[in-house]
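**Q** Read off the chains here:
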Amino acid sequence: MLLSADGLTKRFGGVVALSGYGISVQSGELIGLIGPNGAGKTTVLNLLTGVIRPTEGRIVVSGQDITGWRADRFTARGIARTFQNIRLFRDLSVLENVTAALHLRHGPGLAPTVLALPSARRAEHGMVARGYELLGLFDLADQAHARAADLPYGEQRKVEIARALATEPKLLLLDEPAAGMNPAETRRLMDVIRQVHETLSLTMIVVEHDMSLIMNLCRRVQVINRGEVLADGAPAEVQADPAVIEAYLGTRRARAHA
Amino acid sequence: MTGTTRGWLLAAGLTALGAAAVWAATASLNNYLLTLIAFAGINVMLAVSLSLSNGLTGLFSLGHPAFMMVGGYIAAILTFPANRKGFMLPDLPEWLAAQQWPLLPALLVGGAVAGLAAIMAGFPVLRLRGHYLAVATLGLIFILRAVVNNLDGYTRGALGLSGIPKLTDLWWVYAWVVITLFVCWRIKHSSLGRTMMAMRENEMAAACMGVPLARTRLMAFAIGAVFAGIAGGLWAHLVTNLTPTSLGVFLAFQLVVMVVLGGQGSLAGAALAAIGLSAIANLLRPVEQSTGIYGMTQIVVALVLIGVLIFRPQGLFGSREPGVLMRRPESSAPSRTAASTQTTHLEQRGST
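Read top to bottom, the protein sequences are chains U and V. Start counting the first sequence at 954; every next residue gets the next number (the working numbering). Start counting the second sequence at 14; every next residue gets the next number (the working numbering).
FYI, nobody ran anything at the bench for these hints, they're computed from the structure. Ideal Cβ placement from N, Cα and C applies to all residues, glycine included. Check each hint, because a few of them may be wrong.
Part of the chain U face toward chain V, derived, beta carbon under 8 Å [said to hold, decoys possible]:
(1) V1013
(2) F1042
(3) L1045
(4) A1053
(5) T1120
Taking CB as the label site, the calculated pair distances span [said to hold, decoys possible]:
(6) L23/V to L1068/U: 52 to 58 Å
(7) V317/V to R1026/U: 42 to 48 Å
(8) R325/V to A1137/U: 39 to 45 Å
(9) F324/V to D1095/U: 33 to 39 Å
All chains should be built: construct the whole structure from the sequences, respecting the hints.
**A** Take a look at the structure:
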């Protein structure tokens, strides 16, 4: 078991954002997490990456209980993420965005850096080379020296994924990677996600509210609504689940056709 | 590889050029002018190190003079003539009163203690952000002032410690300016510096990329404080007289002005702004005296600052360094072809 979360509850003051959430992730899975707006998807992601601490419940990664750890310790344990509202290091170059994330596993310490030791120079060359490789995966090598904020929206999303991969995760969580993209861009992005999943055999959780996109991409889908898990299983099962239709598909379709 | 060699050659060339300038200055200029240049050099050290701890990490600390005071007093107590310590500083323990150190170890110890003080103060203070941090670090100056005032058996309190041996000359200052620039340049253009800038750009994203926020922030703060402490030691042995009020709020603001003028995080910018402001202050002093308009310097500096904030808010160089000092970025792209072949390989896989 790569990750398991149990009874995760998060209250913000009197508001219950999530109650009794649980998931267990096996190595190699590509899981879709869907739910209508305000269902608690981003709360799940923030909890599973240590950005916020659960009010109750626990998170176990590779057999170690890391509940309450800081976000950077989560990342060190192999959990990486992207953000729904892109959070690039805007004023740094595309390459620097990726190499900053490579520091976690490959960065030299203070003394070798200041003393200009050969080990620091080797580490730097290694990080730059690896940075170009990662950018290459997303066709971004030509943009390496562009300022991150100057890239088009879709490209920025790809830089975010490349940057997350630079932390060498065992589990990658993507928060609405297709948000704000047109259908063609979305299709290309889905191809990239599939490629990353297959070629790097990386375990992933993709958060989306676009049902069809998730159904095409994932073999396992978890649906949440109002802070609770509604269904968890194969896309076909989930789509047939009356509770899901009721809470999610039903209302959305009704509204769409109205 | 060629890029790195070019960088080292450039650094060596600039250092030699600076040394030649210092040699020419000491040979031809009078003591008054040499002292002014030494002050400008100390300001360069302070502005550059503040640019590292503030500009790279996005902190807004005004605490530099506090760390100068720590380093200055420690170094001055260590170099103070042992035969006069007995009646000047009666509370010093026996073993310390007997010491009379040369300048270099005294500066290093002063810098180290300033760094430790920054780590201790940083634990609580660096949890704050923005203006709150600015006010809290400003408080450090007043706390230090109170400490120095009350430990009068060690520091002579409000009377001030006078008769510090005049050990600082232009060569000492120049050497430390070079060391400061070298260390800060290395850190800024390193992996560690990138994590600091990442933290400045987006804290949450940096944490999620594995940057330990508190430790990185503390490290930048402490490195800045070490150089402030050493600069304080140089300052004390240049002025030969240190009082609890010599390093205060006015200096803190001057340093921030230098960093802002140079561009947040630009080391060369901070250095040039420090030289420029020191020059303005000293050029205007005779004008102030002859016209009787005292305080003109502050007005001019304030006008320059307002002008920069209106017309060029990113400062002289933004957060970057002037182009001539930088390697061409293309030279650090060893695996571009390898990366693009891998891309096409992946694309083929993806389309099948």
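**Q** Now tell me if each hint is right for this structure.
**A** Going through the hints against the structure:
A least Cβ separation of about 19 Å between V1013/U and chain V goes past the 8 Å threshold, and the interface hint is therefore violated. The interface hint given for F1042/U holds, since its Cβ lies 4 Å from the closest Cβ of chain V, which is under the 8 Å cut-off. The restraint placing L1045/U at the interface with chain V holds, with a minimum CB-CB distance near 6 Å, inside the 8 Å limit. Satisfaction of the interface hint for A1053/U is found here, the shortest Cβ-Cβ separation to chain V being roughly 4 Å, below the 8 Å cut-off.
For T1120/U, the suggested interface contact is upheld, since its CB lies about 5 Å from the closest CB of chain V, less than 8 Å. Hint check: L23/V to L1068/U, Cβ distance near 19 Å, so the stated range 52 to 58 Å is violated. Between V317/V and R1026/U, the C-beta spacing of about 45 Å keeps the proposed range 42 to 48 Å intact. Judged by the Cβ atoms, the range 39 to 45 Å given for R325/V and A1137/U holds: they are separated by roughly 41 Å.
A hinted range of 33 to 39 Å for the beta carbons of F324/V and D1095/U is consistent with their spacing of about 34 Å.
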